[in-house]
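Protein chains in written order, with this note's numbering: chain A, 1 to 263; chain B, 1 to 334.
Hints in this document: simulated from the structure, not taken from any laboratory.
Beta carbons: idealized from backbone N, C-alpha and C, even for Gly.
Keep in mind that the hints are not guaranteed to be accurate.
Stated by the list, open to error - Chain B is nowhere near these chain A residues, computed Cβ spacing over 10 Å in every case:
(1) 25
(2) 49
(3) 95
(4) 149
(5) 170
(6) 171
(7) 185
Claimed, not checked - Have a look at the derived ranges for each label pair, beta carbon to beta carbon:
(8) A:251 to B:195: 41 to 51 Å
(9) A:184 to B:170: 51 to 61 Å
(10) B:193 to A:250: 42 to 52 Å
What the hints assert, rightly or not - Simulated pairs of lysine-lysine, DSS-like, Cα-Cα distance not exceeding 30 Å:
(11) A:33 to A:46
(12) B:103 to A:85
(13) B:241 to A:85
(14) B:70 to B:101
(15) A:227 to A:33
(16) B:167 to B:103
(17) B:70 to A:85
(18) B:241 to B:334
(19) B:70 to B:103
In case you want the letters, here they are:
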Amino acid sequence: MSLYARLTGWIVLLFGLGYFFIPLLGLTEFSLKARRGVYSLDAYAKIIGDTEFQATFSYSVVMALVTIAFGILIVVPTAFWVRLKMPWARPYVEFLTLLPLVIPAIVIVFGYIRLYNTSSWLPLTGTVTGTNLLLAFGYTVLALPYMYRAVDTGLRTIDVATLTEAAQSLGAGWTTILTRVILPNVLPAVLSGAFLTFAIVIGEFTLAALLDRPAFGPYLQRIGANKPYEPFALSVIAFAITWACMGLIQLVTRFSKHMKAES
Amino acid sequence: MPYLEIARLEKSFGANRVVTDFNLGVEQGEFISLLGPSGCGKTTVLRMVAGFERPSSGAIRIGSEDVVGKRPNQRNIGMVFQAYALFPNLTVAENVGFGLKIKGARRDEITARVAEMLALIGLPDLGARYPFQLSGGQQQRVALARALAPKPRVLLLDEPLSALDAKVRVSLRNEIRAIQRDLGITTIFVTHDQEEALSISDRIVVMNAGIADQVGTPFEIYNRPTTRFVANFVGQLNLFKADGAGRIGGVAVGQGDFAARPEAVHLGREAESDIVLPATVEEVHFLGSVIRVTAAAAGARIALDTFNRPDMPPPAVGSAVELSLSSRDLIPLK
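If we strip away everything but chain B, and leave its shape as in the complex, we get (with noise of 0.2 Å):
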């Protein structure tokens, strides 16, 4: 039995319904990602777990106990907000406090505790200074510090990376993550960015306007997209439409529509591929270790990634090349 589980779980606001019978459970110790572009109702679901929002219908269980009736202050879940949301006249240390402090600790206990937390987000020596003097990437470790300093039983993030910038996003990231295997705590992350899901995640939840179009681990997720919105959404994608006989370039694959990510893709004959197109250079972009080649064929533009070889320099643009995949690597869309 899954220690966190939702069942059935709706949501509707007035006539607009955002979530549509969510099932999910979540191991103890799992890493969730729910993953959906803006309005797609993963904020909801997350709000609904930490009690800010009552679903319309549906169970939450926490350890086997139903939460849905819980205040918000009854449920023992950590939340860090993407506006980290710490308290402006409280230090550091009183903000990592604030939970233990609340909870009736001893003084003692709560100096022990936030020393500790401290140090586990890597600022030891922050305690005294006030959230305005620190930078946003330190603010939002704060939150987290203060949402793990009273031993909750879920962790929710949402969206605690959005409002940092690129450098900061991926090593705090890194961060949260290992911090959440070391304390093996249950965390539910929610996310816009699917570069952050993938990395990160145990399994993911790609959400589709308040639906759970497709529950995996990110493996899965990026190689088997069950549905035309996750294939799209997650990673890039080429689309392949087979001919009337249910022929991709000459080789039976069955009706209907195919994808095949870029790097499924090669340039020139390769021995296992078994569909070979022939195409014309559109666009070359050299990224370093990766060449990213635009080409046309069969009336698409295709995109694909090969890695740079110092002696292999990259196609000239208007060129005619051939492009070569294998049927096992095309992905049908439902």
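Next up, chain A with everything else stripped away, as it sits in the complex (with noise of 0.2 Å):
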């Protein structure tokens, strides 16, 4: 390679690294500033003392593990079924699944209150948990193409039709076959759309505001408007917890790389 051609490359790199790091270095350092003079983590501190982060931080992460156990029970029967018996399906359950991605959030949510209001057959807005619920549903809509495809490929590096039917002549019937044998065989995959999901749930805004849930995205929204420094403390902390679940993601896969079989 020519000289020329190597420092272009490191040209290009090093501009691709300033332009992602240095908002995020100038975000984190200002995030530091709350005390006037010195560097400090008085802003973290006040954020994490803060209970309505507790509340609100705990909230949606119950609702992401929700989220996550209905994309797993939705996702793996359904990619498991198409890829066994439909395979025909499977271009068109991948464009349903990927409908959320080109359906902005605003326009389930209103979707799910006009269909679930107060006066309607499914009056779900009108409990707390009717609410809940219906949050959930929205969350597990927006994760769809995320599990969905995770999913869908963990089961790609597997022969399902012929482990399913060495169960199946072992005297397995189809909820053994999921739970012993297709499910352990990707769970990489499931826990690395679990942590996509995770990532999606924790930020979300649109769907949380507008059912008025007391979830972190909101929270995030209202101290944004309010706080001078804890609003970018809030942003690091968030960029930490998408950071560490991409980093799962990478653990997982690593991990399972030592449980592949050769097929």
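Build the complex: two chains, separate frames, hints provided.
Here's what the structure looks like:
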């Protein structure tokens, strides 16, 4: 490679890194400036000590876990069945799972409110539990493209048909096949889907705000509008969570290589 | 009454009929091979017995119980697949014990049976390994142990040796046969490899285009093929056409086409051979104990095998020789 080409490569890389990291550094630096003249973690301490932060964050974590459970319950059997019995339906199912990427969350939530309002046949918004459930359903829809893709990719790495038949010939029914054969073998894929779902749910604003639930996203927005340093500390925390999720995906993928069979 | 009975079995995928009027009775403890080229319907028959495909019509009875309406997991049939199909997330011992666990066997029962099975396949120390840590041959042996552990009524083997290299293939097929004899389990073995089928089966079903062309012992299939397809597919063959007067080499044999195995044709005149044909040697392959000679005679290429003898060098290519064979060894082709 010529010196020129090598130099250009480095410049492009440095520009990219700078473009990404300088604002982040600025953000982090500013979040540390809550005390005049010195760097301190005051803003972080204030945020973490804030009971509203604790309440909204734990609410969103619980919602994320519920969403992940819904996602796994819906996506794993569907992707498995499509691969096993209806391979012709794959493009259609894939298209369906991609819809949440093109339909804005606000459309989904208005649809929900119209369909499930207190004067409808299923008045989910009438109770707190109902609204929470509705929010979890909404999150599940938003996370669908990621979850489905992750699980489908996982299923591609194993011989679904033969493993299913092997389990059947050993006396296993569908539930046993799904829980003891298919799920454990696509677990790394399911987990990476789960972490993506987690990252999406933690930062989601539209659904939670319009359904008026005390989630982390609306809290983030509220703090941002009213406090000087805390929102930046919060942003750094949010970034850290997202990155931790990405790191966990990497870790799980690496762990799964050790488990992988020659097929 | 046979233990496993398949009667008038038919299977079509849309307009494509893959199995036609398939009938077979398998005695308890018998080892049957379904032999045929790819696409002949042999795997489809096996999958219908296993319950993975539903027959278009016909009956499958195991121990006089009709199993056609039963799901695969209710049939108590052991199956070994070409691609091993071990569960990658389970250890060897967990794989072997899987069927027993589903049946709800007690833990100590499972442990004992797993140990017994692992000893049977000669891998008593590999219980804690994962499938990816085993060679292909070992994986297939574990798959066999897994299929046998729940004591199935019938064992189905779907080309279990195709993915293995030649040496392992031969040793494993002998092992499979020894274990099958040992346990006395009724077995159907699907293969496209005639040598495999001939060497380990009690009986062979030669299949062609969805039809069972001939059912018989390896000896019968090889020496008395009843159709042209079977004669061609199993073993090597020399074709002879009788002349207008129904004669070959001057000996009356009747009208039509005939075939003879390479070992039935002799180099030079033999005492009991009545047909003698002048020939020119075209190819000589020295294979060690056997010498395969190809010669042109009566307008056809004839292959013959002779045993190596240190005092008799093989004929030179291009030399004129006489070939002889007995008219009793001719196989009439339908």
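Outcome of the hint check:
no. : hint                       : verdict
1   : 25                         : 43 Å, holds
2   : 49                         : 44 Å, holds
3   : 95                         : 26 Å, holds
4   : 149                        : 22 Å, holds
5   : 170                        : 4 Å, violated
6   : 171                        : 4 Å, violated
7   : 185                        : 5 Å, violated
8   : A:251 to B:195: 41 to 51 Å : 50 Å, holds
9   : A:184 to B:170: 51 to 61 Å : 35 Å, violated
10  : B:193 to A:250: 42 to 52 Å : 45 Å, holds
11  : A:33 to A:46               : 13 Å, holds
12  : B:103 to A:85              : 26 Å, holds
13  : B:241 to A:85              : 52 Å, violated
14  : B:70 to B:101              : 21 Å, holds
15  : A:227 to A:33              : 13 Å, holds
16  : B:167 to B:103             : 36 Å, violated
17  : B:70 to A:85               : 19 Å, holds
18  : B:241 to B:334             : 13 Å, holds
19  : B:70 to B:103              : 17 Å, holds
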